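Going line by line, the protein sequences match chains A and B. Add 14 to the 1-based position in the first sequence for the working numbering, that's all there is to it. Add 239 to the 1-based position in the second sequence for the working numbering, that's all there is to it.
It is worth saying that the hints were derived from the structure and are not from the lab. Be aware that a few hints might be false.
Once the Cα atoms are required to be at most 20 Å apart in a straight line, the calculated DMTMM-like pairs of lysine to aspartate or glutamate come out as [unchecked claim]:
#1 Lys566/A <-> Glu414/B
#2 Lys586/A <-> Glu549/B
#3 Lys535/A <-> Asp463/B
#4 Lys501/A <-> Asp415/A
#5 Lys582/A <-> Glu414/B
#6 Lys586/A <-> Glu302/B
#7 Lys334/A <-> Glu398/A
#8 Lys571/A <-> Glu585/B
If the Cβ cut is set under 8 Å, some of the chain B residues that face chain A in the computed set are [what the hints assert, rightly or not]:
#9 Ser515
#10 His560
#11 Met562
#12 Leu563
#13 Arg566
These numbers come from a predicted model, not from an experiment. Ideal Cβ placement from N, Cα and C applies to all residues, glycine included.
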Amino acid sequence: MDNSYMQKIRNFSIIAHIDHGKSTLADRLLEHTGTIDKRKMKEQVLDSMDLERERGITIKAKAVAIKYKYNGEEYSLNLIDTPGHVDFTYEVSRSLIASEGALLVIDASQGIEAQTMANAHIAMNSNLLLIPVINKIDLPNADPENAIREMEELLALPGEDAIRASAKEGIGTEEILRAIVERIPAPNGDVNKPLKALVMDAQFDFYKGVITFVRIVDGYIKPGMKILMMASNTKWDVDNIGIFKPGMVETDILRAGEVGYIVAGIKSLSDIKIGDTVTDNTNPCDRALPGYKEVKPMVFCGLFPVVSEQYTELKDALMKLKLNDSSLFFEPESSEALGFGYRCGFLGLLHMEIIQERLEREYNLNLIATAPNVEYKVVSTKGETTICDAPASFPDFSYIDHIEEPYVKLNLITPSEFLGALMQLCQSRRGVYVTTEYIMGNRALLTYEMPLAEIIWDFYDKLKSISRGYASMDYELMDYRTSDLKKVDILVNHEKVDSLSFITHEQFAYNRAKLLVEKLKEVIPRQMFVVPIQGAIGASIISRETIPAMRKNVLAKCYGGDITRKRKLLEKQKEGKKRMKAIGSVEIPQEAFLAILKVD
Amino acid sequence: MDNNQSTDQKPSPAASGLYVHIPFCLQKCPYCDFSSFDDIPYLADNYIEALLRELRYYKNNFELNFDTLFIGGGTPTALTEKQLDYLFSGIYSMVNRKKMKEITVEANPETVTERKAKVLEANVNRVSLGCQTFHEHHLKKLNRIHDASAIYAAFELLRKYGTKNINLDLMFGIEGQSTAEVLENIKKAAALNPEHISFYMLTVYDHTEFGRLKDEGLLKLPEDEIMEHMYLKGAQVLEEAGYAQYEISNFSKPGRQCIHNLNYWKPGEYVGVGASAASCFDGSRYKNIDDVSEYIKRLKTDSDPAETSEKITPETALKDHIMLRLRLVAGIDPHVFRDQFSFDFESKYSNIISQFTKQGLAINDSRGFRLTKKGFLLSNEIIQSFF
Numbered sequence: 015m016d017n018s019y020m021q022k023i024r025n026f027s028i029i030a031h032i033d034h035g036k037s038t039l040a041d042r043l044l045e046h047t048g049t050i051d052k053r054k055m056k057e058q059v060l061d062s063m064d065l066e067r068e069r070g071i072t073i074k075a076k077a078v079a080i081k082y083k084y085n086g087e088e089y090s091l092n093l094i095d096t097p098g099h100v101d102f103t104y105e106v107s108r109s110l111i112a113s114e115g116a117l118l119v120i121d122a123s124q125g126i127e128a129q130t131m132a133n134a135h136i137a138m139n140s141n142l143l144l145i146p147v148i149n150k151i152d153l154p155n156a157d158p159e160n161a162i163r164e165m166e167e168l169l170a171l172p173g174e175d176a177i178r179a180s181a182k183e184g185i186g187t188e189e190i191l192r193a194i195v196e197r198i199p200a201p202n203g204d205v206n207k208p209l210k211a212l213v214m215d216a217q218f219d220f221y222k223g224v225i226t227f228v229r230i231v232d233g234y235i236k237p238g239m240k241i242l243m244m245a246s247n248t249k250w251d252v253d254n255i256g257i258f259k260p261g262m263v264e265t266d267i268l269r270a271g272e273v274g275y276i277v278a279g280i281k282s283l284s285d286i287k288i289g290d291t292v293t294d295n296t297n298p299c300d301r302a303l304p305g306y307k308e309v310k311p312m313v314f315c316g317l318f319p320v321v322s323e324q325y326t327e328l329k330d331a332l333m334k335l336k337l338n339d340s341s342l343f344f345e346p347e348s349s350e351a352l353g354f355g356y357r358c359g360f361l362g363l364l365h366m367e368i369i370q371e372r373l374e375r376e377y378n379l380n381l382i383a384t385a386p387n388v389e390y391k392v393v394s395t396k397g398e399t400t401i402c403d404a405p406a407s408f409p410d411f412s413y414i415d416h417i418e419e420p421y422v423k424l425n426l427i428t429p430s431e432f433l434g435a436l437m438q439l440c441q442s443r444r445g446v447y448v449t450t451e452y453i454m455g456n457r458a459l460l461t462y463e464m465p466l467a468e469i470i471w472d473f474y475d476k477l478k479s480i481s482r483g484y485a486s487m488d489y490e491l492m493d494y495r496t497s498d499l500k501k502v503d504i505l506v507n508h509e510k511v512d513s514l515s516f517i518t519h520e521q522f523a524y525n526r527a528k529l530l531v532e533k534l535k536e537v538i539p540r541q542m543f544v545v546p547i548q549g550a551i552g553a554s555i556i557s558r559e560t561i562p563a564m565r566k567n568v569l570a571k572c573y574g575g576d577i578t579r580k581r582k583l584l585e586k587q588k589e590g591k592k593r594m595k596a597i598g599s600v601e602i603p604q605e606a607f608l609a610i611l612k613v614d
Numbered sequence: 240m241d242n243n244q245s246t247d248q249k250p251s252p253a254a255s256g257l258y259v260h261i262p263f264c265l266q267k268c269p270y271c272d273f274s275s276f277d278d279i280p281y282l283a284d285n286y287i288e289a290l291l292r293e294l295r296y297y298k299n300n301f302e303l304n305f306d307t308l309f310i311g312g313g314t315p316t317a318l319t320e321k322q323l324d325y326l327f328s329g330i331y332s333m334v335n336r337k338k339m340k341e342i343t344v345e346a347n348p349e350t351v352t353e354r355k356a357k358v359l360e361a362n363v364n365r366v367s368l369g370c371q372t373f374h375e376h377h378l379k380k381l382n383r384i385h386d387a388s389a390i391y392a393a394f395e396l397l398r399k400y401g402t403k404n405i406n407l408d409l410m411f412g413i414e415g416q417s418t419a420e421v422l423e424n425i426k427k428a429a430a431l432n433p434e435h436i437s438f439y440m441l442t443v444y445d446h447t448e449f450g451r452l453k454d455e456g457l458l459k460l461p462e463d464e465i466m467e468h469m470y471l472k473g474a475q476v477l478e479e480a481g482y483a484q485y486e487i488s489n490f491s492k493p494g495r496q497c498i499h500n501l502n503y504w505k506p507g508e509y510v511g512v513g514a515s516a517a518s519c520f521d522g523s524r525y526k527n528i529d530d531v532s533e534y535i536k537r538l539k540t541d542s543d544p545a546e547t548s549e550k551i552t553p554e555t556a557l558k559d560h561i562m563l564r565l566r567l568v569a570g571i572d573p574h575v576f577r578d579q580f581s582f583d584f585e586s587k588y589s590n591i592i593s594q595f596t597k598q599g600l601a602i603n604d605s606r607g608f609r610l611t612k613k614g615f616l617l618s619n620e621i622i623q624s625f626f
């Protein structure tokens, strides 16, 4: 077969920071090329979930085939969408290596953000051609020159390559499309070699089962073929294949250089591994594509229904979410304080937030989330290593020789005026300083090595508040390091509330225990009796507060006109208590379980 | 409602109390959450006419058999003598005054003149006087328009013209008030030797002026511990002065409990007329609209002034019984309870009963289950546990 058809294909992604206009730009490209009718277009086609739309981020990558006429000839431009958040770095990287080039979207008023830089580096390391797009030039505070200078300095990209655009106003759209054809190289696979395709992503469809998104590198795929997933070593029969235009359209063949989907009777997303290599079972390729990694959760928390009757509903909801999110991990957990629930693992903090919100919003669940944790390696005195992702799963500290915790490399980009305050923040979170690089335009790139545990503990909010929203961050896992960690238990009315226990570095233990106990005193309402709240490491009490007994809850007046109203008032108070968790005889509001996140 | 409807056999509601609401006052108090207005005195004539029409509806449709009458407000004595005369003669043309064991009117000190004291003596046998406190700085804080001397003057006038049964309202828990001041108030009130003293904790309601100030952090009430102390000490001083407690906020000389109010807590049936007035009879509760003009309009057009009605289910009857009875020092009478609900209070709620008796918040013996003074202060908590 002839490989020349590939000359008319361009595969590209869009790299952008949240809110820098990626989805709007994608919309303009689809609209401009007539891929989609403007009138029928739901704003931001690529973001299908409401929640994502609200947060301005995209979770799942999809590919859309765009037909574009250039010099009288028709080109297939495949737009491969990438997730836009720090938690999905691996997924981003798999989307990027499926492309030959990428649009690097930079907000003309904001400049380059940490995450954009991280993704740009991934793209460069994968030898992608970058087309810088300076977006939002129509805004009054736009400073495209400065954005271009930052780009030159931080990414060593030539300024004259940049295209000035406003996706909102449709400025620069044609120029971008031309640049995609002119600058991005055509794919260079060989359709005559054995099938080799990259699994970019997958989604679950209720009727079709798993839809696998692939980029064909070599060879071709047709319905009826038996394929082999090389990393997971599973075989499947291809039912049908196709492309997105942007709706799913079946085709007869997907050839080297093309992007599309495969439906192959795969029932569960857990059978699909992103980054895996698809090959022909009867004529396999010699080697899998490089860079495949198991996706592993990094952040864990317990999710418990407020009313125990919702346990089954929570289980069903998690299973449904998992259908479309193989990076979500969960297993049953039981807590003395909170009853039955699930220990859940997430790629990062945002991932955790999204899942929690979807459970509450789409599945109407009323949940208590415990403080997030990282995964610790606990080495016993006998030299055995246990992985612990919850304070409750820690063995007795007398059997522990040492504990290792994950460290990340943290990059912060910030206006330099906040540099001092951010360095202080990092230092106070056990950060190990690496470098500061000053960027033109009065900004700096700050690099630290830091325990992941410190980042998931209210770090992002602090970062944003210190920098008034201007600083951005990106992190990647480095290694595990030994730390002096302690487990702090909280006792309410002398009973240990397991869900309030937390792991912290020794230097923070006293202070955090003190603050948490104080906070709990504020949020736990007075009971009919005195309630002591204590923080403890092992058997030693390190902090204590006392909630005095309730002294009055009385209706001074109740005459003829008041009876219905007052009965209802009491019924409401009673209802309020049902939403609290009774620990022993103490009623603890949900807020108390969140208090731990607000302690710093 | 249909005023002209008349049945051959009028049902005779067991309602024993008649409440008449007068929603006018000279100046609205910032803590008051009753329906009362200080800017519509010109509506008073039409209003009285309207409420008499409402009473006539009851008269036409039911066999009325009231043994108490309570005219509350607002400040009923804010009406002129002429209006009061019209009101009383209207009421007494429809209900049998001779059968009334108790006729109470609420009054504020500034409205009690010689002439009004005479009108009251001629028409009622009990006056409830809102004095709240004898301390001038606290009267100011409560935005009352009378001073302490007006309380003495009003009391003296009432006695002079023959009112033999007087209640004084006292409030405690005012911003900046000390326990010593609360006790001083009680002693001054007791020195006047009224038959009844209501001793209320100041309660701040959301939609009142005080509610707004509290929200804005501009009103700081005494700490709960101090409130508790004021209540317990105050009750003790009242009892030492010969006023026995019979309800959370009510104390009286022997035999001088307010019969009308006792009926609410029994809980018995009653009819209320006027804007915002509530009724309870025939297994339902009704509440009239608050708006005075709208109330007048509805009565003029013979339409129903009730805004809400609620059928009393067995469940709400049970809740009401427990909620109201536990306000009383006498508490829940096991025989009355069994007669009404056909099960045994003590065996059904033995866990709750023993929990609260152990904590010293309640007593349970052959006379029944009842709250202690400490229990009264936590009565909302205790009542809820039965819900």
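How the hints compare with the structure:
1. Lys566/A <-> Glu414/B: holds (17 Å)
2. Lys586/A <-> Glu549/B: holds (17 Å)
3. Lys535/A <-> Asp463/B: It holds: about 16 Å lies between the C-alpha atoms, which stays within 20 Å.
4. Lys501/A <-> Asp415/A: holds (14 Å)
5. Lys582/A <-> Glu414/B: violated (28 Å)
6. Lys586/A <-> Glu302/B: violated (38 Å)
7. Lys334/A <-> Glu398/A: violated (36 Å)
8. Lys571/A <-> Glu585/B: Violated: Lys571/A and Glu585/B sit about 27 Å apart, past 20 Å.
9. Ser515: holds (7 Å)
10. His560: violated (11 Å)
11. Met562: At about 6 Å, which falls below the 8 Å cut-off, the nearest Cβ of chain A leaves the hint on Met562/B intact, so it holds.
12. Leu563: The hint holds - Leu563/B has a Cβ within 8 Å of chain A, the shortest such distance being about 7 Å.
13. Arg566: holds (6 Å)
Violation of the numbered hints given earlier is confined to hints 5, 6, 7, 8 and 10; the remaining hints are satisfied by the structure.
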